[in-house]
Amino acid sequence: MSEFTAILLTGGSARRLSGIDKATLKIAGESCFVRVLSALQSASAIIVVGPPIEVKDERITFLQEEPKGGGPVAALAAALGHISTERVAVVSVDVPLVSGAVDELRAQWQPTDVALVASDGMHESYLVSIFNVEALRAAIAALATAANASMKSVLAYLNYRPVIVSNPDMLIDVDTPEDLARVEAILRLRSCGSDQESR
Numbered sequence: 001m002s003e004f005t006a007i008l009l010t011g012g013s014a015r016r017l018s019g020i021d022k023a024t025l026k027i028a029g030e031s032c033f034v035r036v037l038s039a040l041q042s043a044s045a046i047i048v049v050g051p052p053i054e055v056k057d058e059r060i061t062f063l064q065e066e067p068k069g070g071g072p073v074a075a076l077a078a079a080l081g082h083i084s085t086e087r088v089a090v091v092s093v094d095v096p097l098v099s100g101a102v103d104e105l106r107a108q109w110q111p112t113d114v115a116l117v118a119s120d121g122m123h124e125s126y127l128v129s130i131f132n133v134e135a136l137r138a139a140i141a142a143l144a145t146a147a148n149a150s151m152k153s154v155l156a157y158l159n160y161r162p163v164i165v166s167n168p169d170m171l172i173d174v175d176t177p178e179d180l181a182r183v184e185a186i187l188r189l190r191s192c193g194s195d196q197e198s199r
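In terms of the UniProt record's numbering, the sequence shown has 115 at position 115, counting the first letter as 1, and numbering is strictly consecutive.
Treat the hints as calculated values from the structure; they're not laboratory data.
Each hint should be verified, as a subset may be incorrect.
The list that follows gives simulated cross-link-like pairs (lysine-lysine, DSSO-like), each with its CA atoms no further than 30 Å apart [as the list claims (entries may be wrong)]:
| no. | residue 1 | residue 2 |
| --- | --- | --- |
| 1 | K56 | K68 |
| 2 | K56 | K152 |
| 3 | K68 | K26 |
| 4 | K26 | K56 |
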């Protein structure tokens with residue numbers, strides 16, 4: 001798949017993590033925002049839907065969905081008016097290990113595809129996905145309202161294809177203290193492995 005835009009969804013707080021802003025939540029010394037942003041290096045442009053964050057990246061445009069806090073579909077609806085590419089990747093900020101997943105979806109894209117959704121083999125991650133922009137616009141337009149609509153309701157209008165990623169850890173969604181502890185443990189193991197290889 002060639003040139004694409006990425007939509008990074010950063011709105012919302014983690015109610016089960018004391019209401020902390022997920023974008024600024026630090027895991028092993030690095031925020032979720034920075035971790036997910038690094039997974040979007042191949043994007044030609046990035047639209048961040050949520051509060052502005054200080055970052056030096058000329059590809060990034062910040063905007064806010066209407067109504068604020070209206071959910072992921074409202075966020076996509078707001079972002080789609082700023083996209084000129086034929087394809088768009090959608091990623092939520094609360095999947096800090098997502099690096100590599102978007103590129104795997106891109107590699108699987110076929111000319112006949114309208115939407116790909118990442119899967120760990122058991123569960124589909126609707127907010128790690130790639131869409132044909134016009135098809136996504138049409139699906140959202142078919143809804144009664146984008147505000148508080150679910151991604152599942154959008155995908156009901158699309159003949160999407162699930163793609164199983166190479167590592168299910170890529171799709172861990174940090175919503176609870178247990179999720180956070182799991183991600184931190186994975187990163188510690190990765191760090192230990194890197195240290196041993198460098199010796």
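Q: Assess, step by step, whether the Cα of K56 is no farther than 30 Å from the Cα of K68, and give holds or violated.
A: holds, 25 Å
Q) Holds or violated: K56 with K152, Cα cutoff 30 Å? A) Cα-Cα ~34 Å, so violated.
Q: Could you grab the alpha-carbon distance between K26 and K56 and see if it respects the 30 Å cut-off?
A: OK: K26 and K56 at ~18 Å, within 30 Å.
Q. Regarding the pair K68 and K26, is the alpha-carbon distance no greater than 30 Å?
A. holds, 24 Å
In this structure, only the earlier hint numbered 2 is contradicted, and the remaining ones agree with it.
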